[in-house]
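Peer 1: First residue of the sequence shown: -18, per the working numbering; consecutive thereafter.
Everything labelled a hint here was simulated from the structure, so no lab data went into it.
It is possible that some hints are incorrect.
[Unchecked claim] Label-pair distances were calculated between CB atoms; the ranges are:
#  : residue 1 : residue 2 : range
1  : PRO38     : ALA(-13)  : 34 to 42 Å
2  : GLY41     : ALA7      : 29 to 37 Å
3  : GLY80     : GLY(-12)  : 38 to 46 Å
4  : GLU6      : ALA40     : 15 to 23 Å
5  : THR(-4)   : GLY41     : 15 to 23 Å
6  : ALA(-13)  : ALA63     : 25 to 33 Å
7  : LEU76     : VAL(-5)   : 34 to 42 Å
8  : VAL20     : ALA67     : 13 to 21 Å
9  : ARG(-16)  : LEU70     : 37 to 45 Å
10 : TRP14     : GLY(-12)  : 17 to 25 Å
11 : TRP2      : GLY80     : 42 to 50 Å
Where a beta carbon is used, it is the ideal one built from N, C-alpha and C, also for glycine.
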Amino acid sequence: MDRRFAGAVAVGGVTGAALRWGIVEASGDPSQWPWGVLVANLVGCAALGLVVGRLAPLAGSPVFAGLTIGFCGALTTFASFAVDLAVYLRADEWLRFSGYLAVSVAGGLAAFLVAYRLGRAGG
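Could you build the full structure based on these sequences and the hints that come with them?
Peer 2: Written out as structure tokens, the structure is:
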């Protein structure tokens, strides 16, 4: 990998991970509902949509990689999402499992699409 890409992805990743940590820490007790992970994932999906919609001409550049792979990739977290779902399954909390799954997937897709359209409209 070109050093420019590695550096951009690293800087974006550190920034995205720090923001996710801040969101999760500020969200309170995740045993009630994983608000921090949900918010981080929705914000990350919206950020990805905005970047892809607005900065499509930069695709293939270090800046684009840093923002998409680095920042958005580190801001969002599939692993924590999957663990949260597994906890609900183990506890036979089907309503929470279904609600969290539906809100996360539908909300993430909606956030991406709305932000993508806003990004395209801004060009």
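Peer 1: Are the hints correct? Go through all of them and say.
Peer 2: Structure-based check of all given hints:
1. PRO38 / ALA(-13): 34 to 42 Å: With a Cβ separation near 22 Å, PRO38 and ALA(-13) fall outside 34 to 42 Å, so the hint is violated.
2. GLY41 / ALA7: 29 to 37 Å: Hint holds: Cβ distance 35 Å, inside 29 to 37 Å.
3. GLY80 / GLY(-12): 38 to 46 Å: 40 Å, holds
4. GLU6 / ALA40: 15 to 23 Å: For GLU6 and ALA40 the Cβ distance comes to about 33 Å; the hint is violated.
5. THR(-4) / GLY41: 15 to 23 Å: 21 Å, holds
6. ALA(-13) / ALA63: 25 to 33 Å: 27 Å, holds
7. LEU76 / VAL(-5): 34 to 42 Å: 37 Å, holds
8. VAL20 / ALA67: 13 to 21 Å: This hint holds: roughly 20 Å between Cβ atoms.
9. ARG(-16) / LEU70: 37 to 45 Å: About 43 Å separates the Cβ atoms of ARG(-16) and LEU70, which means 37 to 45 Å holds.
10. TRP14 / GLY(-12): 17 to 25 Å: 37 Å, violated
11. TRP2 / GLY80: 42 to 50 Å: Violated - the Cβ-Cβ distance for TRP2 and GLY80, about 25 Å, lies outside 42 to 50 Å.
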